[in-house]
Each structure stands twice: as structure tokens, then as C-alpha cells.
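Enquirer: Put together the whole structure using the sequences plus the hints.
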Amino acid sequence: MKILLPTPLRQYSGKQPSVELKASTVGEALSGLVSQHPDLRRHLYNEDGKLRAFVNVYLNDEDVRYLEKDATPVSDGDTISIVPSIAGGKEVDGLSNFWIAELNCSCPMRCCPACCC
Amino acid sequence: MLKLSKSVYDQLRHHGEETYPHECCGVLLGTMNGNDRTVTSAAPCGNTRTDSPENRYDIDPRELVKIQREGRERGEDILGFYHSHPDHPAHWSSTDLAEAHWFGCSYIITRVAKGKADVTNSFLLDGAGEEDKHLDPEEIEVSE
Numbered sequence: 005m006k007i008l009l010p011t012p013l014r015q016y017s018g019k020q021p022s023v024e025l026k027a028s029t030v031g032e033a034l035s036g037l038v039s040q041h042p043d044l045r046r047h048l049y050n051e052d053g054k055l056r057a058f059v060n061v062y063l064n065d066e067d068v069r070y071l072e073k074d075a076t077p078v079s080d081g082d083t084i085s086i087v088p089s090i091a092g093g094k095e096v097d098g099l100s101n102f103w104i105a106e107l108n109c110s111c112p113m114r115c116c117p118a119c120c121c
Numbered sequence: 003m004l005k006l007s008k009s010v011y012d013q014l015r016h017h018g019e020e021t022y023p024h025e026c027c028g029v030l031l032g033t034m035n036g037n038d039r040t041v042t043s044a045a046p047c048g049n050t051r052t053d054s055p056e057n058r059y060d061i062d063p064r065e066l067v068k069i070q071r072e073g074r075e076r077g078e079d080i081l082g083f084y085h086s087h088p089d090h091p092a093h094w095s096s097t098d099l100a101e102a103h104w105f106g107c108s109y110i111i112t113r114v115a116k117g118k119a120d121v122t123n124s125f126l127l128d129g130a131g132e133e134d135k136h137l138d139p140e141e142i143e144v145s146e
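Residue numbers (the numbering used here), protein chains in the order written: chain A, 5 to 121; chain B, 3 to 146.
Because the hints were derived from the structure by calculation, they are not lab data.
Please read these numbers as outputs of a predicted model, since none were measured by experiment.
The beta-carbon is built from N, C-alpha and C at its ideal position, and this holds for glycine as well.
Going by beta-carbon spacing under 7 Å, a handful of chain A positions derived as facing chain B:
1. P12
2. Y62
3. S85
4. E95
Computed footprint of chain B on chain A; a stretch qualifies when at least three of its residues, placed anywhere within it, have a C-beta under 8 Å from a C-beta of chain B:
5. 5-11
6. 46-58
27 Å max Cα-Cα, derived DSSO-like pairs, lysine-lysine:
7. A:K6 with B:K68
8. B:K116 with B:K8
9. A:K26 with A:K54
10. B:K8 with B:K68
11. A:K19 with B:K68
12. A:K54 with A:K6
13. B:K68 with A:K73
14. B:K5 with B:K135
15. A:K73 with A:K26
16. A:K19 with B:K5
17. B:K135 with A:K54
18. A:K26 with A:K6
19. A:K26 with B:K68
20. A:K73 with A:K54
21. B:K5 with B:K118
22. B:K118 with B:K8
23. A:K54 with A:K19
24. B:K5 with B:K68
25. A:K6 with A:K73
26. B:K68 with A:K54
27. A:K19 with A:K6
28. B:K135 with A:K19
Expert: Next comes the structure, spelled out in C-alpha cells:
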């Protein structure tokens, strides 16, 4: 089976975009991965040995959290994808005076407390 | 430096205008050659934060898995992400930093002011790990 690594984790896998290994469950596959590439461990797991909350593990197109988690069976042709989450959003509270001035400024130079006009 | 074509640059800015007053989001794909990173395509995504789309975005991991897999089949890697800040500066927020986990990737933010795409900035996620991560401004080179 194959584990696809996201771009940021490749520096810890000898720049390999994917790792091939033999495993019978998702948990075994992930253990095999960090055994082969120990530097990956702290990026995937927290200090308690739990998978970090923002790390999503998919078996083919299914989130393993909704299957049998680590006990989910895998077979030779399967692909595990590791994808850190993507989220964010603008500041809701505490917009600084700097940005408030910039937002309210009508000057074509987009002047603000940091500029000279 | 992050290089991207005018068509991709226009595409992600236009996406922010389309979803205004909600935040848009998407994935940047391309190639890496040392420190040179060239975006060759952008994949617009849906915003799963339907509870607060005017100030939050979230990409469904299932969509991300598909984009990552299809990109690899074309020889493209995920180089970063983009989203918009409706009527808000094109600068990362505390939420953007807290939720950023793709080290070495770019986070492009476009300010959409009253429905029109305005300033577009890019920030590179750097640091040794979650404990000391930071988003640094990076130059964008837009080519025809």
C-alpha cells in the first residue's frame, strides 16, 4: 500500500512524496511510516502520542475517523492520504487602529498611519 | 518568491468577488525548484463554514485529498492556498496563523473591498513546528 505525504512533510521523508509499505491496518501503516522516518512523528502526533487534531487521514476517499480509525483494515492496492487541515478567516475582534484607519481612508495612495500623507 | 500567471492571479481575485461578502478559498498547485515556486493552476474550493462564511473559511479535507491526488497525476504539488478577506486588510489574522499547518507553503490573501478585489498579498508559513510558526510576507511575481 501507499501513503501520500503532503508537501510540508516531505522534508522529513527524504523528499519522497509517497511511501510504499506493507500493513494490515491504518494504525500499522502509520506506525510503519514513522518507524521508517522518525522525524515525521512530532509533526503527526502530539506529546501524548495522539494524532494531532489538524491531521486528517484518509483511506482512499474516506476519513478514517468515520471508519474504524487505526483499526481500519487496509489492503495492497489502498492509498492513505495525510492532509493537514486548511482553515482561517479574517480578524473579528480587536481590529487595530492601524487597520481601521487604513480601511476608512479614501486617499488613492491608500494612506494610513504608516504612510506620509 | 511565489510566481504565478496573470490568469491564475485574476482567477483567485475574481473568486473573492464572486463569493463576496463571504470568504472564498482554494488551493494553489504547481512546481518547486529549490526556492523557486511556480503556481501553474488554482483549484477553487467550497467554504464549509456555512455558519460564519463572512469571516471564516474551511476547506473540506475530502476535497483536498482529491485535489492533491489529481494534482500529482498532472505532476503538480500543493504549493499553497488562497482566501479572501471581505472588507478587511489583506493581512493574516490570528485565526489564519492558528489554523495554518502547511509549512513551506504560501497563504495568499485578497482584500475584497465593497465587492471588488483590492490588495493581494502572500505569506509563507515558516518555523520549526507548531510552537514557533510564523507567516512571513513574500513577494509575488505575476507574469503574462
